[in-house]
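Chains as they are written, first to last, in this note's numbering: chain Z, 1 to 302; chain H, 1 to 505; chain P, 1 to 359.
No wet-lab data here; the hints were simulated from the structure.
Some hints here could point you the wrong way.
Said to hold, decoys possible - Simulated crosslink set (BS3-like; lysine-lysine; CA at most 30 Å straight-line):
{"id": "1", "chain 1": "Z", "residue 1": "K114", "chain 2": "P", "residue 2": "K172"}
{"id": "2", "chain 1": "Z", "residue 1": "K182", "chain 2": "H", "residue 2": "K56"}
{"id": "3", "chain 1": "P", "residue 1": "K6", "chain 2": "H", "residue 2": "K56"}
{"id": "4", "chain 1": "P", "residue 1": "K161", "chain 2": "P", "residue 2": "K6"}
{"id": "5", "chain 1": "H", "residue 1": "K224", "chain 2": "H", "residue 2": "K196"}
{"id": "6", "chain 1": "P", "residue 1": "K6", "chain 2": "Z", "residue 2": "K114"}
{"id": "7", "chain 1": "Z", "residue 1": "K114", "chain 2": "P", "residue 2": "K161"}
{"id": "8", "chain 1": "P", "residue 1": "K6", "chain 2": "Z", "residue 2": "K182"}
Letter by letter, the chains look like this.
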Amino acid sequence: MDMMINIAAFLFVAATPLTLAAIGETVVERAGVLNLGVEGMMIMGAIVGFMVAVSSGSPVLGLAMAAVGGLGLSLIFAFVTQIALANQVASGLALTLFGLGLSALLGQGYQGVKPPTFPQGDIPVLRDIPVLGPILFQQDPVVYLAFAITIAVFVFLRYTRAGLVLRAVGENHDAAHALGYKVVRIRFAAIAFGGACAGLGGAYISLIRVPQWTEGMTAGIGWIALALVVFGAWRPLLVAVGACLFGGIEAVQLNMQAAGVAIPVSLLAMSPYLITILVLVIMSAVRTGAPAALGRPFHASS
Amino acid sequence: MTGTMLSIQGLTKAYPGVVANDDISFDIGAGEVHALLGENGAGKSTLVKMIYGLVKPDAGRMAMLAMPYAPAEPRAARAAGVAMVFQHFSLFDALTVAENIALGMENPPAMRDLAGRIRTVSQTYGLPLDPARVVGDLSAGERQRVEIIRCLLQSPRLLIMDEPTSVLTPQEVAILFQTLRKLRDEGVSILYISHKLEEIRTLCDTATILRGGRKVATCTPAEKTARELAEMMVGAILKVPERHAAPSGDPLLAVTGLSVASPAQFGTALKDVSFAVRPGEVLGIGGVAGNGQDELLAALSGELLSRSGSVALAGRDVSRDGPVTRRAAGLLCAPEERLGHAAAPDMTLTENAALTAAARMGLLTRGFINWSGARGFAEQVIGAFDVRTPGPHVAARALSGGNLQKFVIGREVLQGPRVLVVNQPTWGVDAAAAAAIRQALLDLAAGGAALVVISQDLDELMEIADRFGALNGGRLSPLRPTAGLSVDEIGLMMGGAHGMEVANV
Amino acid sequence: MLRLEKRREPSQVWTWAAPLVAVLATMIAGGAVFALLGKDPFVAIRTIFWDPLFSEFAFYYRPQLLIKGAPLVLIAIGLSLGFRAGIWNIGAEGQYIMGALAGAAVALAFYPLAAWWLFPAMVLAGALGGLAWAMIPGVLKITLGTNEILVSLMLVYVAEKILAAMALGLMKNPEGFGFPGSRNLQQYPSATSWIDPAAGLHWGVAAAFIVVIAAYVLLSRHILGFHIRLAGQAPRAARFAGVNTARLVLFCLGTSGALAGLAGLFEVAGPSGVVSIDFNAGYGFTAIIVAFLGRLHPVGILLAGGLMALTYVGGDMAQGNLQLPKAAIQLFQGMMLFFLLAVDVFTNFRLRFGIKGAV
């Protein structure tokens, strides 16, 4: 029973970075931009958050600066794709390669350092509920933050005018432009939001989940987040559900490794990637509508 | 009419290499339907974009109700009471009617109230529309209603309509005109852009005619004959193409029970389409855009494969053959979309010549392309069809629409097809080039080829086709000889007025 | 006010100038980074770009250029075919690993047999290994429409796990005193890809040059190459022309996979010699940069591969002489791609000064 509770509680820890990054990317893609640089922005967030937390002693400040770091990197992508109109696929790849290099450089002296511990976010009263308490209400605050961001994005896209405009831009940027909406400005904002979310997700890994710094420690989580956006059919709540499913798989897999179940470790270790492929295969058979202008460059030529 | 709504004085706008608008001045009266008449490339759309704040003039002034008017962006234009219905609708397929309308408004009410207002306006003006429907599922006429209602909800003082009837059946045009007259009577000014002379003569109070970026005249269209208007618009008297083919023999192209799903998300599936075309015959296929035209062309070109037995070329079943095989057998096509479908925008004319002609013109040896031969063929097309370009090394996208269209049609015609299928052969082409293209098509038929001409220009079809049919919802109407066909009959073949039943809900 | 105006035709000048400008800009930005790290930027740039070619010890470094450049060019040529057609194989690293494993498996299975056919068999196995790995995203894409970008990338991680399992398990050297890693294929004459180690020549170098020429002919003369370009620039026009999209996807992914597999095989049977956890040096990812920097053009890729090899070799020198961190070189390579993508705008757009015409 305790093991089940542990797995369930860890599910949210594993799901949080995925949720953050995938929700951010959902907004970016709903605005019609495909940013494949999630992995790069996450690892930037991971190292910036780590550095700031270690040097300032404040993990909360570290987390905040991680968002800034991810955002900063995303602005390069925004500039290259929205102003210089470069191919989005290539630019996203460049962002990932660049982010991996830059983070490795920044992280030179931080291998093996222990970051300050993040404050727990137990919710009084609720935390004492049996079973559910330890699973849901004894998490760190970032888990709740990820949850809140998901709800906020859902409400934003579904019920606000700004959300409608953002969706319109992602659907048909020429029409949006003809109606007088600032396509490039809106996309810049969406990309920046995606960058900040990815940065947060990365810092969650280096500050809370692991917590320490190693080069390339995001290990494909950014790419899995991209797959989750497809899995969730570009809908925030479904994307978050997908992240939790993945978190669950990760939790089970790690527990099995630890318990020494008779399945080769290498097979368990590759399971998240294989499952991602499986998910993509299933979703491509279902065929859900992506934003119509996704990945297409926009230039206001008349 | 009381006073001036919009006064335009000396508007000028130049782009690299062309002066799109040169010192244009005229007034639009309050409560007036004012036509802006001109050929493609005469400068109509640039002028309208300046009025709507999409483009800034290089020189000149505008005044709205005697107040200076210089909109920096469409939002400012809308605030000043200017609304616009675009020719290529600025709609969002995946969003609902209500969401689309909200996007075009400055301060839209809550969605629930908006739906109510949409219903009210649509009833008042006889434009039935369900606010909850997804726009991608609507017909072209219904989509236009979305745009119009979007404009009307803002109580505009000046309504701009860019080629509004090009997507409508004759019956739908009649309904639209009623709406516009009603608006005029309420004091709304309407700037009506078109190149269709008869429409302008029935609807418009005043007409300003543009040619080559300059204003030619402002006149009262009812006092002029269509011919006089045409001469002012074109600047020369046009020759009507000559036809001297007499269809005879067994069908070259036989389509039997053709049904295919559309590859596009909001496309139209073809349903049980059947027809046959004989040597020397021109079959005209009309219909409002989006009723299966693209799908029909794709099913004939081989981009879409159909059930075997549904498409036969000279008695041979080609339904399961791809474009290469069909081309080799003599079935050639020219799609509507010039850039990106018929031609690759960034490739040279030589490369674009090889795009469809490589095999048929003997330019391939064991898969290797004879580029100098391809250049020769491109030059041949350029020469024979009077394509204005520095040479075959130029990228396709550098050509004007009309010149590229001539190149695309010429590329297929010069390959000596047995059957040629063209979609919108003269769309966006100036009158002289259009006449040349039509003549080339007729000459090809006279040489014994079978032609299928898909077009939304009914005048064009009446001019060159021997028989006529209309696509409506992916079905083809029974075919009728064009001689003696009335506009009403054509309209009914096109499906009459779409979506009017919603009005009675 | 600055604004961009679309050119009527792509600029010929900028097509070739863009990579040069990008390299220059990278040197400047990279120099700034090196200065921030407390290194003399001029010395660092010279160490990376000049010394491997012309310094006193260049005789030692020049062969290294061939060794580093060959796999990059081999992989990048394959990738460029797909990139031109709009097919995004970004999992070359995985195909490289699987090619190396397949090739090495043949050698290790026959050890210590001496036979003339062993190396050709390894080459075949290497190509097939990479091809098979690339066919997974290929087949999924054409049958179900699955996104090849994510699938090919995920398969890199899977390949890395397989590599680890192999290096620590099945392929571990039985005479290796328990150390991880396979037998050294450099010391197995029938299996090695070396022609002349001192000159930096191995069969991969020869293959790279052959592939450059073949790709050039394919793209400029052959209808298949024409169709690849067409599919990337105007997919709808390609279907109209009669291009079989599914076959094109398989061809592009298959070719890039096979070439990446070959690169892996030549590497593991030569310069690396050993199947070990980290014998793959990230060539599969760097080759993406090479492909773009070379403008997806075979000759350009050859030059870009040389340049990138220079940053590797020079980077090693700088690491030794100036204690410049390895990550700085990685960053430098990433920056180069970014600058190229940004500068590339001038190929299709012109910068104009003046009032805004179109908002």
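- Query: Which earlier hints turn out false for this structure, listed by number in ascending order?
  - Reply: Numbers 1, 4 and 6, in rising order.
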